[in-house]
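Number of protein chains: 2
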Amino acid sequence: MNFTGKHLIRGTQRATGSEKFSSIHAASGNALDHTFFEATDEEINDAVLGAVDAFESFGKSNHATRAKFLRTIAQEIEQLGDVLLETASQETGLGLERLRGERARTMNQLNAFASFIEDNKWLRIIIDRADPERKPLPKPDLRQMQVPIGPVAIFGASNFPFAFSVAGGDTAAALASGCPVVFKAHPAHPATCELAATAIMRAVEACELPAGTFSMVHGRSNRVGSVLVENPHIKAVAFTGSFRGGKALFDLAARRQEPIPVYAEMGSVNPVLILPSASRRNRIVVAKQLAGSIVLGSGQFCTNPGLLLLTDEESEEFLQELASELAKVQPATMLTPAISNAYVQGIMAQREVAGVRPLTQGPAGLPSPHLASVSAADAITHPHVLEEVFGPSSLAVVATSMEDLVKFCHTLPGQLTATVLGEESEISYAKPVIDVLQQKAGRLIFNGYPTGVEVSPAMVHGGPYPATTDSRSTSVGTTAIYRFTRPVCFQNFPQALLPEELKD
Amino acid sequence: MNFTGKHLIRGTQRATGSEKFSSIHAASGNALDHTFFEATDEEINDAVLGAVDAFESFGKSNHATRAKFLRTIAQEIEQLGDVLLETASQETGLGLERLRGERARTMNQLNAFASFIEDNKWLRIIIDRADPERKPLPKPDLRQMQVPIGPVAIFGASNFPFAFSVAGGDTAAALASGCPVVFKAHPAHPATCELAATAIMRAVEACELPAGTFSMVHGRSNRVGSVLVENPHIKAVAFTGSFRGGKALFDLAARRQEPIPVYAEMGSVNPVLILPSASRRNRIVVAKQLAGSIVLGSGQFCTNPGLLLLTDEESEEFLQELASELAKVQPATMLTPAISNAYVQGIMAQREVAGVRPLTQGPAGLPSPHLASVSAADAITHPHVLEEVFGPSSLAVVATSMEDLVKFCHTLPGQLTATVLGEESEISYAKPVIDVLQQKAGRLIFNGYPTGVEVSPAMVHGGPYPATTDSRSTSVGTTAIYRFTRPVCFQNFPQALLPEELKD
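Taken in order, these protein sequences are the chains called V and P. Residue numbers for the first sequence follow this note's numbering, beginning at 1231 and rising by one. Residue numbers for the second sequence follow this note's numbering, beginning at 1231 and rising by one.
One or more of the hints may lead you astray.
Identical copies carry no separate label here, and so any pair may be met within one copy or between two of them.
Claimed, not checked - No farther apart than 25 Å at their CA atoms in a straight line, the calculated lysine to aspartate or glutamate pairs in the DMTMM-like style are these:
no., residue 1, residue 2
1, Lys-1351, Asp-1734
2, Lys-1290, Glu-1731
3, Lys-1661, Asp-1283
4, Lys-1351, Asp-1608
5, Lys-1661, Asp-1634
6, Lys-1637, Glu-1544
7, Lys-1477, Asp-1665
8, Lys-1637, Asp-1371
9, Lys-1670, Glu-1730
10, Lys-1290, Asp-1608
11, Lys-1298, Asp-1312
12, Lys-1477, Glu-1488
13, Lys-1477, Glu-1268
14, Lys-1250, Glu-1438
15, Lys-1558, Glu-1488
16, Lys-1477, Glu-1327
17, Lys-1518, Glu-1730
18, Lys-1351, Glu-1582
19, Lys-1250, Asp-1276
20, Lys-1250, Glu-1546
21, Lys-1661, Glu-1286
22, Lys-1637, Glu-1617
23, Lys-1733, Glu-1653
24, Lys-1477, Asp-1734
25, Lys-1250, Glu-1551
26, Lys-1369, Glu-1684
27, Lys-1733, Glu-1656
28, Lys-1670, Glu-1684
Keep in mind the hints are simulated off the structure, nothing from the lab.
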């Protein structure tokens, strides 16, 4: 397979820069044959101007046009065939089966947004008709609907090279809403990005849309993302990745002359409350399932269960059982050598915090699954022990009582998810903790595991800061479309000037 | 009438500070008898802690409870009787008739939110049921709804002492959603604020709600607002006022350890496109109506028509007619001496910009209505000429052609409103300008005037930056409730743990 290594700008693959970087083979850490250009400032800004041009007509395109476009992208992604899976597997270390599932999910997302916008309900239309006879003043005709916000910048995640990347959920939501996209390719899977971008390019052509509707720029340096977010024509930013990366973009966007919304999903530790029925009666089964969730995809999920909550009486045997389940799992390739190193460092740092008791072997230079425990009191005293260690690791916080646990939970930062493992008979016992968790998370799960994120209109993949920079939104599910819209009210507008959807 | 001058904190009127300030008689600029305490940091933070305590139960209260609370507030506001109108008139210079209307509107808003939350539709519930048979994995039961975001800080506006103040739209929206409120009283009408706060206090008592559900603190210094917004328990901020004030709060909130949403409505110049039929055929009528809109409430509306857009051929006679209408209007008392001074200064600064041609007499130290014109080319060269002059003033931008006007409109910052005065037969001629205006504003008006903001579910009182800091929202109409909510998804939750509204 040949890769151009170039950006996709206004419908053509081009690059003028002199700097290049290599795609890396995740398993070996060695450079692959393909090299990619670092986008220049001019290229980034030209991609944005292309989006501005495209917005003039794409922003007003009808829903049938956009639905067809989304479905065509899904078909073109499928048309790429196995080379897409193989390329992604090389670049990310993820297995072909997992990637095949993720590709199907990505196509589902595109098709779901296509169906979603075919029903005008998504526009949240509110019509309040005139009353010319009203006293003291006649009442005007008012019609509200959502309109696209303008060109948007989207950043892909390393851990989902399809579903949260070039043709992923944010891109699907933005294109569905009528917003042109300038996508910042992830440097950990640039070849995969190039393939997906050409699929979108072909869909743009097939649907005869403006060339600037979708552009993609490559880059490893922070400069590329900064120039993109600081371009005054960009009206919103979506990002999935680390806290450091997301917060930096949020700060940049807030400091612009015109501040813009940033939807950064930055992960969390996803507390799991383990009640006595789970830790005692169902110990064997729960430990096995929980271990499976902790090591799923080498623990590289934003919703990885990185924090377990138990009380004294039931913790010991359960944690031993869980540790022995985790010990059975072999170290697996992580997404990048840097992520692998950060995981090992993170575990070592966690083990040095006062009161932390390791329950598995140390990682010994390899990203093997890890479990440790700490008392709730120590965790409150040393809150940095709760920092996410991205990978197959979990920390058990053991409290002396439910009251102690409530106190600890009040100190928790915002989370994507919070999970309760137990039985209905335990609810009243656990209610005070669940009430606090509910204030901290975007999704509450009962007797399930947080790593499965269903693509459903009812899903919330989001949550209070620092899990995300905007708790009012979700990055999975069709309501993600409202990241990229704003309401407009038309007052006494003549039929000829009203958008089609608001006409009588 | 006696005023305590104290804050309302956790259900009691109290003050411990040593600094005080006076309420000012707007017409004379003299101090009234009443003095008000500057809130101390401790008082502000205690009010927030009261809100945190209240949130535990108020955030979970049922809709009937909150609807009754909102209606009780409306009744208590009415119970205050004429003293409320007289106090507000003294402090703001607004006439009793206007204030009577604004009080009715304020009660309508409270009652509208009460009715709005009685229908579960407002919760945007999405239920996606389980499918245990699905392959390869069973599908979970997912239920999404909106939940209140937590304690919020609200800042009142000087120009609407009822409808955008203590018991105004933002307070109604926040209380309707289940968020306790800490209100920062406006120092330009502190006595009016005290009256309204006692009305809410009585409603809290009558409805047996936690005392911290609503608190109010006084202060003239920026410190009071800063301490409030920087309190880590505050989860959102709403503000109506100047660009400087709103932007300062936005910056503060973005720099917090946990950044929070800020809904600042900061006004705009509200362009009015005047097409030939309006400027020629209906010149006399349109000039009279437009003048009425410009001077309404001494021009102290966020939606005041401060920018007129015309092309050469039709501008001269129309602007002369408009100027002569404005010249008939006597200078009126403005909200505060400072606002009056700023208006006179603003007009003088505008007249000094290159190319600005005054069409009325200068204000000569008094806030008399003002009209000036400038060419589109000069306005593009000197964009600061477009800065809002808060008061009864408008600037006409005269273009050589519709193309010239399109070019100018592309340079416009975000607006609350944009208006078209003309006939349907002119639409195709004016379409290119209207298309650009549509990208710039939250509300588009045809043959009406922007100063009337209908309280309707379909209203959008908002718009792109710098009209507001969040174009995704409105501060008028029931959809304002979503300023203070976030979505939560419950996965496989047992009936006993689900919120009432999500149960089968």
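Evaluated hints:
1. Lys-1351 x Asp-1734: For Lys-1351 and Asp-1734, both the intra-copy (15 Å) and inter-copy (24 Å) Cα distances are at most 25 Å.
2. Lys-1290 x Glu-1731: within (11 Å within a copy, 37 Å between copies)
3. Lys-1661 x Asp-1283: Answer is between; shortest inter-copy Cα gap is 18 Å, intra-copy 54 Å.
4. Lys-1351 x Asp-1608: neither (50 Å within a copy, 45 Å between copies)
5. Lys-1661 x Asp-1634: within (14 Å within a copy, 65 Å between copies)
6. Lys-1637 x Glu-1544: within (19 Å within a copy, 71 Å between copies)
7. Lys-1477 x Asp-1665: neither (28 Å within a copy, 35 Å between copies)
8. Lys-1637 x Asp-1371: The answer is neither: 53 Å in one copy and 30 Å across copies each exceed 25 Å.
9. Lys-1670 x Glu-1730: between (41 Å within a copy, 20 Å between copies)
10. Lys-1290 x Asp-1608: neither (57 Å within a copy, 31 Å between copies)
11. Lys-1298 x Asp-1312: within (24 Å within a copy, 61 Å between copies)
12. Lys-1477 x Glu-1488: both (18 Å within a copy, 11 Å between copies)
13. Lys-1477 x Glu-1268: within (23 Å within a copy, 35 Å between copies)
14. Lys-1250 x Glu-1438: For Lys-1250 and Glu-1438, the Cα distance exceeds 25 Å both inside one copy (32 Å) and across copies (67 Å).
15. Lys-1558 x Glu-1488: neither (53 Å within a copy, 39 Å between copies)
16. Lys-1477 x Glu-1327: Cα proximity of Lys-1477 and Glu-1327: none, with 33 Å in one copy and 50 Å across.
17. Lys-1518 x Glu-1730: neither (55 Å within a copy, 34 Å between copies)
18. Lys-1351 x Glu-1582: neither (54 Å within a copy, 51 Å between copies)
19. Lys-1250 x Asp-1276: Within one copy, since 19 Å is at most 25 Å while 57 Å is not.
20. Lys-1250 x Glu-1546: Close neither inside one copy (52 Å) nor across copies (60 Å); limit 25 Å.
21. Lys-1661 x Glu-1286: between (52 Å within a copy, 13 Å between copies)
22. Lys-1637 x Glu-1617: Within. Shortest intra-copy distance 18 Å satisfies the 25 Å Cα cut-off; inter-copy 51 Å does not.
23. Lys-1733 x Glu-1653: between (52 Å within a copy, 18 Å between copies)
24. Lys-1477 x Asp-1734: Answer is neither; intra-copy 45 Å and inter-copy 40 Å both fail.
25. Lys-1250 x Glu-1551: neither (49 Å within a copy, 65 Å between copies)
26. Lys-1369 x Glu-1684: Answer is between: at 8 Å across copies they meet the 25 Å cutoff, but 45 Å inside does not.
27. Lys-1733 x Glu-1656: between (54 Å within a copy, 19 Å between copies)
28. Lys-1670 x Glu-1684: So Lys-1670 and Glu-1684 pass the 25 Å test inside one copy only (20 Å; across, 37 Å).
Checked against the numbered hints above, the structure breaks hints 4, 7, 8, 10, 14, 15, 16, 17, 18, 20, 24, 25 and satisfies the rest.
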